[in-house]
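Q: Read off the chains here:
Number of protein chains: 2
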Amino acid sequence: MKRKINFNAGPAMLPAEVSQEAALAIEEYKNTGISILETQHRGKDFEEIIEESKHLVRLLCNIGDDYEVLWMQGGGRLQFSLIPMNFLLHRAAYIDSGHWANQAIESSKFVGDTVTIASTRAINYSQLPELPKAIDGNFSYLHITTNNTIYGTQWHELPKYDIPLIADMSSDIFSGKRDYTLFDMFYAVAQKNLGIAGNTLVVIKKELLQRQARELAPIFCYNNHVLENSILNTANVFGIYVSLLTLRWINKKTLVQIEKENNQKAKLLYDAIDTNPHFKAYIQEKSDRSIMNVCFTAHDTLIEEKLLDSCSDNNITGIKGHRSIGGFRVSLYNAITMNDVKKLVTLINSIN
Amino acid sequence: MKRKINFNAGPAMLPAEVSQEAALAIEEYKNTGISILETQHRGKDFEEIIEESKHLVRLLCNIGDDYEVLWMQGGGRLQFSLIPMNFLLHRAAYIDSGHWANQAIESSKFVGDTVTIASTRAINYSQLPELPKAIDGNFSYLHITTNNTIYGTQWHELPKYDIPLIADMSSDIFSGKRDYTLFDMFYAVAQKNLGIAGNTLVVIKKELLQRQARELAPIFCYNNHVLENSILNTANVFGIYVSLLTLRWINKKTLVQIEKENNQKAKLLYDAIDTNPHFKAYIQEKSDRSIMNVCFTAHDTLIEEKLLDSCSDNNITGIKGHRSIGGFRVSLYNAITMNDVKKLVTLINSIN
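Each protein sequence line maps, in turn, to chains F and Z.
Residues 1 to 352 in my numbering are what the first sequence lists, from first letter to last.
Residues 1001 to 1352 in my numbering are what the second sequence lists, from first letter to last.
There's no promise every hint is true.
To be verified - According to the in silico footprint, chain F covers these stretches of chain Z (three or more CB under 8 angstroms from chain F):
| hint | segment |
| --- | --- |
| 1 | 1025 to 1035 |
| 2 | 1039 to 1045 |
| 3 | 1071 to 1084 |
| 4 | 1192 to 1206 |
| 5 | 1212 to 1223 |
Unchecked claim - BS3-like mimics (lysine-lysine), calculated; alpha carbons at most 27 angstroms apart, straight line:
| hint | chain 1 | residue 1 | chain 2 | residue 2 |
| --- | --- | --- | --- | --- |
| 6 | F | K306 | Z | K1044 |
| 7 | Z | K1320 | F | K44 |
| 8 | F | K280 | F | K2 |
I should point out that these hints are in silico values taken from the structure, not numbers from a laboratory.
By construction, the Cβ of each residue, glycine as well, lies at the ideal position given by its N, Cα and C atoms.
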């Protein structure tokens, strides 16, 4: 088989060794005589998977026991629907920097007073919104989406207000070093930098967990998931195992090296687009640009088709842009190598 | 590797060919150059997986287009928490026949008036509750758990009232032929007869879907999941694929044959327990007995240890009972063969 270079935004490419080890564990998990697909969620083997994954998350984030680490099902959508249910007491503040940030706002409105403190929705999220110097209003938290997958923007500097900061980091978690202690909560779906679809990492500061805003059915209440150590009900055993394999891979490679490569990959691609008269990056403001998702358009449709065809001929997939922008979106998650990007850039450069 | 016989209640044993095909698809899915773990949820390949799985569910249930078929994350707990949110208008009726049935009741209480019409909680669910001849009260639906995994009871005949019937069929779906048109909704976690943990089948009659009781954030609203054909957000692609493989396996074997074997398997095991002076079945009322989960205790702990050791020596796992009953629980899901049960029965018979 000729493995394609997969630049999709998620489900994304996995490191080859993660895929291989996952397939082996399906045959048999660690000499247990049982497949990982049959491994009990309430058993020693899975407990070890949970504990090692929690340890690695804390290690990579450089956070301590004052944060709880959870694995949950239901994707980002469930998270940003649960957050106001759990933590919105009077009102909550939101930054509207993209489609998913906006969906979080819409979901919060079902729960309570939801204030958008900054938005670039009117200009189709083609840059990051400017933040107010201060915000007033007895907000329970501020919600931010650190990387906007569809448009290719990323917050390289975080807002600093005196209220709890909650971040959807689905598309840039572990893309490099970050000060995770700035967050009171962060969450990330696994299918980008952290494993496969169906599993979500949720990290919450104990202090925030104490501010439960209302009583909820057990499945909706973070404190219950903490109490049950991510097995309030049957966990997605395989999904969590693949995330553990990915965390091991990240830890072995180190976040320093990953960040270095991610910056190099993004620079190479943005440079190729910026210097080619046929293409234009969707995000012009360089300081807003994402190193994870690079969005750009061609000046005419013939050029667009030419690049799509040329990628298709060269075993490259997943570069078509989201329908709300069109053009191209190239996702440079951790499993994408410098060589993968070089191959794409060669094709871009050949269009002149 | 010597594959163990796995009698666990879930995550349960998969048919060997399902595991094998799943592992192959991780290497590459259908000559796409991409692993199933990287396959896009919004793409032709996954659409085919969804459509074929829906077709097979309708075929096996002998239901038509008046039912919607969904795959969701979040397990049974999310389902029985969403049901009252979506459908409880004035009040809802519940049958309390086990731990999970009771948890459904507790979750419904967060939403509205929740009436338990029958319960055997006081006798630790050691038989099925007797049902009232009629129920009054403008109920939006009646919720039943068709098979109670922990205690080993199963409703072989369904209550017939003139209100919508909603069933948690997690541990006995596709264990045999059933008249699925009696249900207005049924759901089942995949990790027993239908695949792996992290994926849940949800089937709802269109008529019931029209009775949306209140506005909800999109992720909580069944109508939204229907509208988006199970990809309201990134679906658990791999989990759904394994469920499709399992549905194909069921369809090939036929429900008639599966039911026949399940009845034979259960009879063989119950007979061995009933005729052995050292053991006692937890469920004495034969018409209440589950063909999926067989629970029994030993009269003394030495005998209990003897059977556990003898199973362990003979490559058999997963027979320890749930802590609320103790003793043994042997789950006879579809992937367990008659030969597997015969091996266990030989060990039981050797204790005399």
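Q: Check the structure against each numbered hint from earlier and tell me which ones fail, lowest number first.
A: 8
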